[in-house]
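Chemist: Residues per chain are reported as follows:
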Amino acid sequence: MRHVIIGNSFAGLFAVEAIRRTDEESEIYVISRERQHVYSRAMIHEMLSGVVKEPMVYLRDWDFYRNHRVHALLGREAQSLDIADQTLQLDGGETLEYDRLLIATGSRPFVPPIAGLEDIEYHTFTTFEEAKALKSAAAGQKNAVVLGAGLIGLQCAEALRHLGLNVTVVEMADMILPQALDETAAEIVSRELDDEGIRLRMGNTIEQIHSLNRQPTSCVLKSGDSVPCDVLVIAVGVRSNTALAKNAGITVERGIVVNNRMETSAENVYAAGDCAQGPELTTGMTMTLPVIPVASSHGMIAGYNMAGSRRTYRGGLSLNALQFGKTQVVSYGFIKDEKDGEVLRVEDAKRSVYKKVIIKDNRVTGAVFVRDIDRAGIYRHLIEQKINVTPFKQHLLTPHFGIACLPAEERARMFTTPQ
Amino acid sequence: MRRVYPREDRCINCHLCEVACIVEHSKSKHVIDAFHVEGLRFNREDSRDVIDPVEALAIGRAKPLNRTRVDVVDSVFVSTNCRHCAEPDCVLACKNGSLYVNHDGRVLVDEDKCVGCWMCVMACRYGAIQRNPTRQNVPDVANNGINLHCDLCPDRDVPACVWVCPTNALVFEDREVA
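Protein chains in written order, with this note's numbering: chain V, 296 to 714; chain Z, 119 to 296.
Chain V extracted, bound-state conformation:
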């Protein structure tokens, strides 16, 4: 049996570990366009700002591939896939046969058309190499402009600010992190970024980029202002890498469509992580959820099924933990969707504490925690297990809320058997 995994990040990593836990014998190939040892894309902003040592970005020890007997084809690319023959065409013309294939190709930055963009060297910020390129480009420069106030854009902005640049973030929406936060939480994080000296230009966009010798000099915004610019980073969002699957005739919508065993429409082909459109827990629909825990779970479930140990995925939940300045934020589910829901809120403006849960049909569907994040994970359990919260609603969001508030049978389920 030969397992081939395309992609070398969270989904691919947890797939390798799940396969090896089930099956010591079969061959495992990992193909990655990137040359690096398995690393975390969620660490590249900390690498750019220089606050962490480089070894801290690698997800596993150096002997990971050897210990798991993985043939790691790093710096290589799968160019086409034949699902009838079960073969991959690699760059350099080789053909690689597979018995089980996992597509974990992740996502890539989306770059919108902007007047003047073709005349300059701009940056995107999703990989190790891109972070290194940005670091050398930013050295000795004064002004940076980041287009997009999503997670990647803001983390990049914070790192550039840490390096001493004047940073302006331009965002089309009228709030930062429009995908992850609600207005109140975004407001608190915005104040934090203000304090750090990052300029936020909301409800705005770049209309024209002026440049000299392929170096940007300034950006003209929709509002008419001109912002000086030596380094431009485009971070307006990511798109799933689905071309390989699509060209092979596999069903692709926003991502590669998978069922709750991470199987695609093609036999023996699985997909996981940012490129996969899998089941979502609260809505019952399938969608792409580009967050680490979902990618890891996808990879693990796919790995078990590839190795013949049948496992189903209960469905993903959009969840994230962010930190900007001294403010930590944890969010679960779709926290802006308050329609037909009851909203509980705790706000303490003085200490920048904010907590909110949304309850629909006696179940929590979304929650956000700013600063006071301890034991927030219990709310994840309430959402995922669809626990009726009416019997203990008076305890939700109180400082003493904990395991003891849950129904007795739920506590027994959680604390009397191995998990």
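Worth flagging that the hints you see were computed from the coordinates, not collected in a lab. Do not rely on the hints blindly, as some may be mistaken.
[To be verified] Sample of chain V residues facing chain Z (criterion: CB under 10 Å; computed from the structure): (1) Met-296; (2) Phe-305; (3) Met-351; (4) Tyr-360; (5) Pro-588; (6) Asn-615; (7) Arg-708.
Heads up, the beta-carbon is just placed ideally off N, CA and C, and yes, glycines get one too.
Starting from the known structure of chain V, fit chain Z onto it as the hints suggest.
Modeler: Relative to the frame of chain V, chain Z by itself:
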């Protein structure tokens, strides 16, 4: 694998498990020194408005952190700690691979690698992970710290919380998956 299981009907809310945990993980391993020399324990009323462990440390109200925690509401007392899950949500969420399942089944953290991103706090459905502000691997990041959770007391045959419990409300057993 043996794990710690609470027995609610026996717990009397005495918090000795927390005390034993603090002493076991202190430098001195001496109960009075652990509290009065290595850190001041604030009383429960005070602790309610101290939100951030870093804030607590800054204003001199830091306590030695207990990895097990007696959770109390009305007449329900339950001592809770890390479940050492077979497929831990914290490991699946950890953004730089500093959490791992050890060869003996314990879920552990690489204390030199954790960057305090708190993905684990977000992920753990048992609320069993704390932020330890006394140790920082990324001091440039405000309110940094590292993951702190039960390590099942590697130097002891039976974890300190189980050993100390006067009512046998905590047991250390190998149970079957339901």
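Chemist: When the hints from earlier in the document are held up against this structure, which numbers fail?
Modeler: 1, 4
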